[in-house]
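S.K.: Take a look at the letters that make up each chain.
2 protein chains.
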Amino acid sequence: MKGSELEISARTKSAGHGFDNAQRDALYRTIFSRRDVRGQFTAEPIAEDVLSRVLMAAHYAPSVGFMQPWNFILIRAEETKRKVHGLFETAHREAIEMFEGEPRETYRNLKLEGILESPINICVTCDRDRAGPVVIGRTHIKEMDVYSTVCAVQNLWLAARAEGLGLGWVSILDQDRLKQVLGIPERVIPVAYVCLGYVSRFLDKPELQSVGWRPRLPLGDLINFEGFDKAADDPFAIGLLERVRKDQKKIEDGG
Amino acid sequence: MKGSELEISARTKSAGHGFDNAQRDALYRTIFSRRDVRGQFTAEPIAEDVLSRVLMAAHYAPSVGFMQPWNFILIRAEETKRKVHGLFETAHREAIEMFEGEPRETYRNLKLEGILESPINICVTCDRDRAGPVVIGRTHIKEMDVYSTVCAVQNLWLAARAEGLGLGWVSILDQDRLKQVLGIPERVIPVAYVCLGYVSRFLDKPELQSVGWRPRLPLGDLINFEGFDKAADDPFAIGLLERVRKDQKKIEDGG
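Line by line, the protein sequences give chains Z and P. For the first sequence, the numbering used here assigns the number 1 to the initial residue and increments by one for each residue that follows. For the second sequence, the numbering used here assigns the number 1 to the initial residue and increments by one for each residue that follows.
In short, the hints are calculated from the structure, not lab data. Because the structure is a prediction, the values reported are computed rather than measured. No incorrect hints appear here.
Identical copies look the same in the list; a pair holds intra-copy or inter-copy alike.
Cross-link-like lysine to aspartate or glutamate pairs, in silico, DMTMM-like; alpha carbons within 25 Å at most:
(1) K81 x E186
(2) K246 x D234
(3) K246 x D221
(4) K111 x E44
(5) K179 x E143
(6) K142 x D129
(7) K250 x D20
(8) K246 x D20
(9) K81 x E226
(10) K142 x E100
(11) K230 x E48
(12) K142 x D174
(13) K142 x E94
(14) K205 x E102
(15) K230 x D49
If we strip away everything but chain Z, and leave its shape as in the complex, we get:
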């Protein structure tokens, strides 16, 4: 019987590549408690080893054709931050005019960036020429390299959360002017401009959810089967949607 026991455990091992419950839960905790931080930054400096780890997380993101098309421009100087903050202010004034009525007042009062308060800003760029003109996996969808760069941003964001660092993505900026300020060449896209720093607190829910701007959508409404917006009524589909409803309720109730 010894031999067959060994065989079973070898098979189990080769099939069981999941993490244990505590490790898996740590990932979900990171994902569910991650916030887009704008108003809670403190001036506490970020140590070299912490910054190294979060940048490493970004660098080990998936990339189309293994391009690794990203650069990470670290911005620490007050002078550079002030220039970028000026770009935000201009874009923000333009944005206010695009809203009307009550939404305009709500929008005007939202704190939307922490450029000056956070100790480090990072511009994550995508160099479209990094791997020559023909890239595996980018032959039919040209934006794949930009998507890879966004994956790096999301890894950075999650690593930051696990380190107790807040991250806020500032997208109310004119990209051409940002390229001028940071000396970014023509072929390179500044995909994300993020603020990074320790925080006084992480909000329980996303701020736009709390202020009633938009509700969290029920995930079940967004799951389709075989085609866009198509439903299914087989036992697996019904069971999945029921499970999704319960899981989401637990998260929204703070469980």
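Knowing the structure of chain Z, use the given hints to seat chain P on it.
M.R.: Coordinates of chain P only, in the frame set by chain Z:
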């Protein structure tokens, strides 16, 4: 002294939002061991609760203006998979012609998708009209909603890894034809088509790195200061780059 002790621990608590070492390491383990899976899928079915969790992880991604612009089209039917696989084959033949010489032979021999072998395929889409024409944070960078959708894909990918599920992103497809197959309306972009399933093994390194297609770049070469491609020689910058070099060596050596 009691009062001051309490004060300190309250302060420590408010500043200490990081996770403990084991939780933080679980996230890094997920990030560093995630792979783009193409050739190692097994037919083992995915249980409802596992699928619910990985889709929930995707749904709790950041989204510009809290748009949550995504839908998740689950594809289980052999017939749908065969149609999409046909699109891959056409695009793949076109792609082969774009490479020349030795790279063409290497490319031809790579396994690039697991559409038919994986039990579930998921098309993650972006509905650009989900929150009306004016969206907070999308006023100046129109692609922000697509970037949000990519963040959802990356969350899905990491959650899958922690659950022991492999995920492979199939980008060698004509998006217009994919929209026809899945009945996706004009306003909606099929951002990612992914294959999901248990695996016989996770590769130690990305396959394109192992076959020598492209090396893993030294992260230190991609970190800039204050401007694109700009260096810095202050103690923090020097210390950071030294730490990055050591951290990356440890990862590449399998530590």
